[in-house]
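Using the sequences provided together with the hints, build the complete structure.
Residue numbers (numbering that gives the first Met the number 0), protein chains in the order written: chain A, 0 to 378; chain B, 0 to 292.
Among the hints, a few may not be true.
Restricting the straight-line Cα-Cα distance to at most 25 Å, the calculated cross-link-like pairs of lysine to any residue (SDA-like) are [what the hints assert, rightly or not]:
hint : chain 1 : residue 1 : chain 2 : residue 2
1    : A       : 364       : B       : 250
2    : A       : 185       : B       : 250
3    : B       : 140       : A       : 249
4    : A       : 189       : B       : 155
5    : A       : 375       : B       : 56
6    : A       : 189       : B       : 132
7    : A       : 273       : B       : 132
8    : A       : 224       : B       : 66
Don't read these hints as lab results, they were simulated from the structure.
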Amino acid sequence: MKTRMARSGVAALAAVTLISIAACSPPAKSTDTSSAGGVKASTATSATDLGGMAALVDAAKKEGTLNVIALPPDWANYGEIIKGFQAKYGLKVNSAQPDASSADEIAAAKNLKGQSKAPDVFDLGAAVANANTAMFTPYKVATFNDIPAQLKDATGLGVSDYGGYMSIGYDAGKVPAPKTVADLLKPAYKGKVALNGDPTKAGSAFSGVVMAALNQGGTADDISKGVDFFASLKKAGNFLPVDPTGATIESGQTPVVFDWDYLNVAQGKKLTGKMNWKTVVPAGAVVGGYYVQAISKDAPHPAAARLWEEYLYSDEGQNLFLKGGARPVREAAMVTAGTIDKAAHDALPKAVGTPVFLTKAQNDKANGYLTANWAKAIG
Amino acid sequence: MAKSPSTRASTGHKPVGALLGVLPFFAYTAIFLAIPTLIVVVGAFLDGNSRPTLGNLSALTQPQIVSAFIHSVVLSAVTAVLGAVFGALLAYAVSTAREGGALRRTMTSVCGVLAQFGGVTLAFAFMATVGSEGFLTHWLKNVGMDLAGTWLYEPDKGLVLVYTYFQIPLMLIVFLPAVEGLRPQWREAAESLGGSTWDYWRHVGGPILAPPFIGAMLLLFTNAFSAYATAAALISQGSPIIPLQIGGTLSSEVILGQENIGKAMAMGMVVIVAVVMTLYAVLERRTTRWLGR
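Next comes the structure, spelled out in structure tokens:
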């Protein structure tokens with residue numbers, strides 16, 4: 000999974016091997032097709048530039064292939080999305096290194112630059128996306144206006160596609176239902192509360208600390224109360240410093256887990272019948288985190304890459320994210336238009352309160368505070 | 000007295016063939032040791048835009064990095080001492096068994112396997128045994144003992160236990176030859192001159208075994224100091240030891256652009272290991288001289 004930090008040497012070795020094998024692959028053929036409008040696919044910033052959706056589909060079909068990277072099939076329903084795209088447009092999707100991290104995606108694009116195996120599109124954590132906009136090319140999908148302003152770059156240079164809210168997943172058969180973050184300090188949760196990763200490394204854990212801060216009266220500008228909360232959790236003996244995975248949840252080692260709601264919900268679905276794994280978004284402490292979609296400026300299949308974006312942001316693509324438990328970025332607009340998959344939308348955990356998204360400045364400030372204080376707080 | 004090493008060194012002409020023979024070895028060390036070390040050292044003095052800087056080195060004084068260095072050194076030292084003491088006792092016990100006997104052969108091969116047992120598998124073995132849902136934890140709960148808690152995931156308890164687990168067998172393997180080097184005749188000689196067991200260990204066995212013992216302990220120190228995978232699998236919060244801090248600088252998706260601080264930390268590790276290796280080399284020379292090998 001993308002947030003998993005501990006990677007074995009074997010995996011790293013495999014990645015290196017993959018890259019070195021890929022390095023031997025032939026250079027990209029010039030698949031850049033000029034459209035009727037005379038604009039090259041590689042510089043088109045919208046389907047209209049290429050002469051409309053039909054022209055884009057034609058150009059993409061001519062390229063025949065799309066390279067994606069770091070899309071685990073069980074993550075936000077990407078398995079089904081890739082199948083849907085292939086079936087609808089008849090393109091072949093090469094899915095490389097599904098378990099790679101956001102940083103690995105950028106590294107692969109740099110290492111494979113100019114080759115036919117280079118990734119066409121990225122799906123990145125917000126921090127990595129912000130730091131690498133020089134690798135992207137701007138593109139606005141047909142539904143661009145539906146996307147909330149704080150979740151997109153105004154020029155289309157990196158746009159959020161799906162995301163979720165920070166949540167607490169818990170084994171209802173083992174622990175009482177927590178209503179607020181502070182409930183977790185009670186003795187019933189002794190040695191049971193785990194955070195998905197180290198907040199100085201993993202985006203999900205970082206947002207878990209922000210959620211705790213909001214619940215404890217802190218703000219997005221000052222997350223110190225969140226760190227203090229984990230320090231008291233540790234002092235109470237409730238903090239379990241285990242990196243939770245599907246396996247630790249299933250075996251009962253991590254009965255309470257801070258993680259994105261779509262991951263906790265997916266976990267609950269997987270464990271149906273074995274364990275009553277429930278997900279709650281604490282009221283008044285809604286922290287949003289969205290992944291960012293971008294087209295590589297060196298994409299070997301520029302038209303296919305643009306068609307992929309159109310598909311992801313279409314009602315069909317957005318509803319497929321929703322089916323995987325993730326919140327599609329066009330959620331609000333689709334609710335208004337009545338095009339949202341209602342059953343899937345109702346199944347999402349209820350969130351009470353305005354979702355908080357950290358700005359870049361707030362992120363940087365929080366990171367600085369965590370770097371200096373996290374190890375101390377839980378050491 | 001033994002001759003000094005220099006007079007024993009061959010002064011003859013080396014045939015070209017012998018040099019050719021070691022070429023693969025040089026190529027190997029260049030690729031896997033020299034070049035990575037160079038990358039680390041150069042990177043430690045460059046900023047994100049490849050301009051020279053001392054910023055990475057001054058970043059090493061950040062309290063969490065200083066504390067990680069201290070934790071690493073203390074953890075390695077404690078497990079090296081524990082491993083050395085218990086491993087040495089075990090080695091002595093094994094050396095008293097019949098040479099070529101089943102006990103001796105079993106012990107050495109078991110230790111050969113256990114000394115290499117590490118990483119995710121070892122961490123998982125401990126979690127499955129004494130973790131909060133481990134079978135031993137459950138079994139002991141039935142008889143009224145409570146192992147539960149998060150101690151296994153703390154560096155000063157869990158890591159010490161798990162590291163000692165692979166240090167003891169490693170000590171047995173590296174120390175057994177030295178114990179076997181003790182000739183029974185020396186003991187008989189000491190006894191026939193009226194020496195007690197204490198006198199023997201104080202004046203004969205102890206001084207002979209001391210250099211290899213300390214040398215093996217230094218080896219155990221570096222063994223623990225450089226271990227990464229076991230700790231990474233066991234400890235997911237706070238990166239309390241330096242290899243985990245370095246891992247964090249490379250894999251973090253939250254705080255970006257600190258790869259070169261990681262290289263500076265790696266250089267710090269190289270410096271510490273270099274000190275230990277120097278000590279080891281000095282000791283090794285003395286041991287060789289004393290044992291007259």
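These are the hints, each one checked on the structure:
1. A:364 <-> B:250: Distance of about 20 Å is within 25 Å: holds.
2. A:185 <-> B:250: violated, 34 Å
3. B:140 <-> A:249: holds, 21 Å
4. A:189 <-> B:155: Given that 25 Å is the threshold and the Cα spacing comes to 20 Å, the pair holds.
5. A:375 <-> B:56: holds, 22 Å
6. A:189 <-> B:132: holds, 14 Å
7. A:273 <-> B:132: holds, 17 Å
8. A:224 <-> B:66: holds, 23 Å
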